[in-house]
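Could you put together the complete structure from these sequences and hints?
The primary structure of each chain is shown beneath.
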Amino acid sequence: MSSFRLTTVEEFEAATDRLLETGAKVGADSWQMRVKNQTPHCKFGEEGICCRICSMGPCRITKKAPRGICGCDAHGIAGRNFLRFTAGGAATHSDHGREICHTLHTVAPDGNYKVKDAEKLIRIAKEWGVETEGRDIYELAHEMSELALMEYGKPFGVQRWLKRAPEHTQKLWHDAEIEPRAIDREVSTAMHMTHMGNSSKPEALVRQALRSGMSDGWGGSMCGTEFSDVMFGTPKPVDTEANLGVMKEDQVNIIVHGHDPSLSEMICEYADDPEMVALAKTMGANGINVAGVCCTSNEVAMRRGVPMAGNFLQQENVVLTGACEAIVVDVQCIFPALGPLSKCFHTKFITTSPIAQMPDSDFIRFNAETAGENAKKIVRTAVENFANRKQELVHIPQLKQKATVGYSVEAIVKTLDGVTNSQVDVLGTTKPLLECITSGVLRGAVAMVGCNNPRVRPDYAHIELMKKLIKNDIIVILSGCSAQAAARAGLMDKRAKDLCGAGLKRVCELADIPPVLHMGSCVDISRMMVLASELSKDSGLPISKLPVVGCAPEWMSEKAVSIGNYVVATGIDTFLGVDPQVSGSSEVTYWLTEGVRKWVEAAYTVEKDIEKLGDAMIARIEEKRAALGI
Amino acid sequence: MTLFETVFSGNDAVYGLTEGAVNAAIEQHGADKAVSFPNTAYCLPCYYAVTGVKVKTLGELKEALGVVKTLMTREMRLNDVFMSGVATALCAEFIEVLKYIDGAEPYTEPCYGHLADAVIRELGVPLVTGDIPGVAVILGSAPTKEEAVALVKSYQAQGILVTLVGGVIDQVAEAGMKTGANLRVIPLGKDVTSVIHVVSVALRAALIFGNVTPGDAANLMKYTFERVPAFVNAFAPLDDVIVACGAGAIALGFPVITNQEGVSTVPKSLILQPDVSKFNATSLEARDIKIKITNIDIPVAFASAFEGEIIRRGDMQVEFDGSRVDCAELVQSAEATEIEDHKITVIGPEADEMELGSKNSIAYVVKVAGKNMQSDFEPVIERKFHNYINCIEGVYHTGQRDMQRIRISKDAFHAGFRLKHIGEVLYASVKNEFDAVVDKCEVVIYTDPAECKRIRHEVAVPTFNKRDDRLKSLTDESVDVYYSCILCQAFSPSHVCVVTPERLGLCGAVSWLDAKATNELDPNGPCQVITKEKCIDERIGEYEDVNEAVRKFSQGALEEVSLYSIMEKPMTSCGCFECICGIEPFSNGVVITNREYAGMTPLGMTFPELASMTGGGVQTPGFMGHGKHFIGSKKFMKAEGGIERIVWMPKELKEFVAERLNQTAKELYGIDNFTDMVGDETIATDPEELVAFLTEKGHPALGLDPMM
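In order, the protein sequences belong to chains A and B. Here this note's numbering = 1-based position in the first sequence + 22. Here this note's numbering = 1-based position in the second sequence + 1229.
If you are wondering where the hints come from, they were derived from the structure by calculation, not from laboratory data. Some hints could be false.
Some chain B residues close to chain A (C-beta under 10 Å, calculated; not the full set) [to be verified]:
1. Y1271
2. Q1502
3. E1514
4. R1780
Here are the simulated lysine-lysine pairs, PhoX-like style, with alpha carbons at most 25 Å apart [stated by the list, open to error]:
5. B/K1596 x A/K138
6. B/K1298 x A/K493
7. A/K136 x B/K1298
8. B/K1695 x A/K138
9. B/K1864 x A/K303
10. B/K1600 x A/K142
Restraint ranges, calculated between C-beta atoms of paired labels, are given here [claimed, not checked]:
11. B/R1683 x A/F26: 35 to 43 Å
12. A/N308 x B/K1880: 43 to 51 Å
13. B/T1442 x A/S25: 19 to 27 Å
14. B/A1679 x A/H196: 50 to 58 Å
15. A/A130 x B/E1567: 27 to 35 Å
For glycine and all other residues, C-beta sits at the position ideal for the given N, C-alpha and C.
The following block contains the structure:
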């Protein structure tokens, strides 16, 4: 027990510094160096008031030049930029979801992909009014896949998943006209609205930004999460490890990186293949070790307990260890820098998706139909590359922590069942959690999500905020790179209960959970929406009244903005640690931080001082408690 | 008012009262007046346990009150609530101790008030052994005295120690119920503050048995939370003071169950149970207390004395025979929600609907659920069925899986024994023996032939196949840990078995899965985890970690063992091995003999003679005790070349192991029907004749290097 302590951000940084020394030796570039070169950033861009939507420009707004050539002011420009940013994120998540739906269409009893969670498929089918009685599960899967794909382009109606929300929320959406129609349409509409000569009214642009976000969280992302569960299994608590120390010096290290689990699931399968393991032995390795980076890592950690080597800003570090035989990527958040960097080492940088093609990479195209062969080829390439490792460059920082991950909504409910009393309670609800919150044992919950961003000391904001929240008896649910920061620090070790206030500590002990719960990848933030909806239905309170807030302290991608928009639109106040690049417009800022509250009962708060950000969240939670009289 | 505010308010009220009482006492007696409870070495035990400071005078009590005040912080956090609860309890102790000034005896029959240290020392052993499975604190008045008595009696019948505070004392007295420490029902006192006398017991237990340092409040609360199986039943109406006391109880880990409507509930901690008749079950579940079932409700006796009983055909009422009709016995793990504890269902005809002397189908499925249950334990539990059912007077059981055979005697039948009673026996035995992993258990007994057929072929057999596959996939390499087993150290104090997937314990009764389950069931028991991270020599299977473990568990008698060699550092033998193998120098091979074989071996020694030089926990290179199933293992004396060294076995043993041995020989060396090359007593018991036979058969051992 006494041996447990968190790994500090200083230790993370010392490990990184040591790796950068290796980098310097081989003449490698790094994000740290590129940040220096890019600083200071363009001020107009940072404030969102540079318009390059037509070729009359680019136009930028100053005191002397308050309007662009077409006459659009700072508010219109910032609003358009914000909407386009959102649309980029929504398109990205949703297209990932679409790939999953297509993969679902290939499932077969003897195929590369199978239905692993039939019960969940049947549950969703019933939700969608599809006949399930007496049907072959694969036939049902194919029908569901087609229905889901129709959600992307349906000519009429709104997203099917919206019905999962509490009625109150559904009504708000309807009244505010932000119910997403076809998923692709909300992206197209966003692009259309922001084309030269269309909307310049901030209110309209922000409204569509919410709607585009909704098409992601309550559309494409939800498809991605739910049907991934159907094919790869709904996550349940599993033990794993996190940080660079999970890489093994005596084994072939394959790093999976990106977002789509279709590839990484197959890589994991074939890394266990006796033929491949035998091949590794002949190459002088003691085995094949798969570890992950970014959200692909979250996916396979949640379902298989595959260790997590690092998050977004660690992606170069895994190569810098000199012990990475292959970094295999699918889509999103992949640094093009990995190409040149891999050339400084023996590492194979293997791209697999037509969506993410990069120079200096080996492109092994991955198809659902030929997934097995593709994966085997990739594993073989990595294994054969073991012989090329340059021993003098190998240095794996020996930092790692234990983590219990895998808290899907289903797993959380099941965990909560474990603390019920069968003499008085019903099972299968979130009521035990609500009881903890209502009684005050827990003050509330924070959903912490998002990326790393060099604008913030990497991982520091995530970890410090989590420490502060759990100390104040606030349970934290996590996804994405935020979750990996927690795991690497040790906050997902059940022993981290000793860092909590008495209330959360007791809850951790009784429910046998760590104080911060890993809910999955960034696409899986849709799980958080389902959880919030369940809490609302089980308590009879609107989501916005629950003492629950969202937080993205180190966000950086367009996806994060799309997520933020659907989280706010779902009624959850959201706190950002990085400016959403609209500060050049007081009106857009108003709409995001106050105006939208009229529509959805929640809004953004931006606070770059991490200490204050934490205090603001706690204060908001206590305000919500006071309003409820609890 | 929120729950937290209620606690704070109750705490403030009690503090005010205490302050007044202490001041009044000082005014009356002076600050130097001695205060103490009788017969305790821990002056003001609760305050001493929490702060480490002994209070002996009124003046010191006043100072202590100042310390208590510092606990009463008012942030809206559970820590503040817990500390206010503790502060309330300490105030109660102060109020109570004032009653004892000048050697007064404030409590009279039937109330006890303060309990002496000696009482705690007496309770210690039964609490540790589980003879007292829990401690109930009943507070207030039950809705009716009948309900009060029923509740107290229900705990009493389970062996739970009951303490009473407040109105319930009069209620049980009016009903004429006898109370007293000897009956495990202790009325403490009628004021709510007298509840401190049971808290005092719990805290002194932590100091006496838990070696908690007085003043180490964190470890004190950890001790009571983890080790004192107490809980509170508080009857409505609850006032602020009781709620504040309840916060103290919950801080110590004791859940509070109440019938007070409108209370703000907290899972596993503060539970609303409007139905007093369910207080017992609700409380036990909340505190995870499992009651050993000592009395199985069946019309015949149940004891190991009946294990060897045989029911002859003429004495038989009905029988069930898996070799003729569809039968099965199966343990299935399920979700807790899918199981109703102690539910026993018979689907199909009961024994009294079956013809006298008839042969019938039976399939019983025992569904179990538990937080720590793993599917690997299913067969471990299932293997005990034979033993359980055989212990029933007038019932006989042989076989397993879908090949069991059961007979019920006419006598048992006429005494009222029915199939549902098999369910009772299975339920009670599984719950008793596997309480570490089984929280809930339900039994379904099928006798309907169609259902039996379905259960056998669609449920049981696929499960058995899956388990067999799992067993096959378990190799020494595929697992991360091995287990030690020292079950037989009672006889052989320096012997340690190292149990691996491919090498079961030499008694033949402990497989790797058994050892794993034993370890989970009793983490401090005979089977301990041994890591296998530091390999010294892969050929003979020697590990630094294994050596370390063996050294530790043999108390230093053994330094090094190998897992796969009988020549180099062989594993020791106790005395309960199924087989012995020893080198046969003429053929470069080994001879194996088993306990059941009374005859001579080609080594010129019988089993007992060989056993006398092999047992006792000493290493005897060239000789080794082992289990029968080890013979077919790929790891059997792997270092010396493996099973192709086997040249002789008693015929019966040879037949028993033939299938697996032949399969292993085929896989390792490509030899078909290897056992045909192995001698037995019908072929030779003389080494020269044996060699002649081996030569004729072309036995591979002849071509191997000599072992010595």
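So, going through the hints one by one against the coordinates:
The criterion of a C-beta within 10 Å of any C-beta in chain A is not met by B/Y1271, whose closest approach is roughly 25 Å, and the hint is violated. Interface restraint check for B/Q1502: the shortest CB-CB distance to chain A comes to about 5 Å, inside 10 Å, so the restraint holds. For B/E1514, the shortest C-beta to C-beta distance to chain A is roughly 5 Å, which falls under 10 Å, so the interface hint holds. Taking 10 Å as the C-beta cut-off, the interface hint given for B/R1780 is violated, the closest approach to chain A being about 23 Å.
Restraint check for B/K1596 and A/K138: satisfied, since their Cα atoms lie roughly 24 Å apart, inside the 25 Å limit. A C-alpha spacing of about 23 Å is found between B/K1298 and A/K493, which places the hinted pair at or below 25 Å, so the restraint holds. Under the criterion of a C-alpha separation no larger than 25 Å, the hint pairing A/K136 with B/K1298 is inconsistent with the structure, at around 64 Å. Between B/K1695 and A/K138 the CA atoms are separated by roughly 17 Å; this keeps the pair inside 25 Å, and the hint holds.
Only pairs whose Cα atoms come within 25 Å are accepted, and B/K1864 paired with A/K303 is accepted, the gap being roughly 21 Å. With a C-alpha separation of about 23 Å, the suggested pair B/K1600 and A/K142 falls inside the 25 Å cut-off, and the hint holds. Under the hint 35 to 43 Å, the C-beta atoms of B/R1683 and A/F26, about 50 Å apart, miss the expected range. Distance hint for A/N308 and B/K1880: a CB-CB separation of about 45 Å, consistent with the stated range 43 to 51 Å.
Checked against the hint of 19 to 27 Å, the pair B/T1442 and A/S25 passes, with Cβ atoms roughly 21 Å apart. Distance hint for B/A1679 and A/H196: a CB-CB separation of about 54 Å, consistent with the stated range 50 to 58 Å. The hinted range of 27 to 35 Å is satisfied by A/A130 and B/E1567, whose Cβ atoms lie roughly 30 Å apart.
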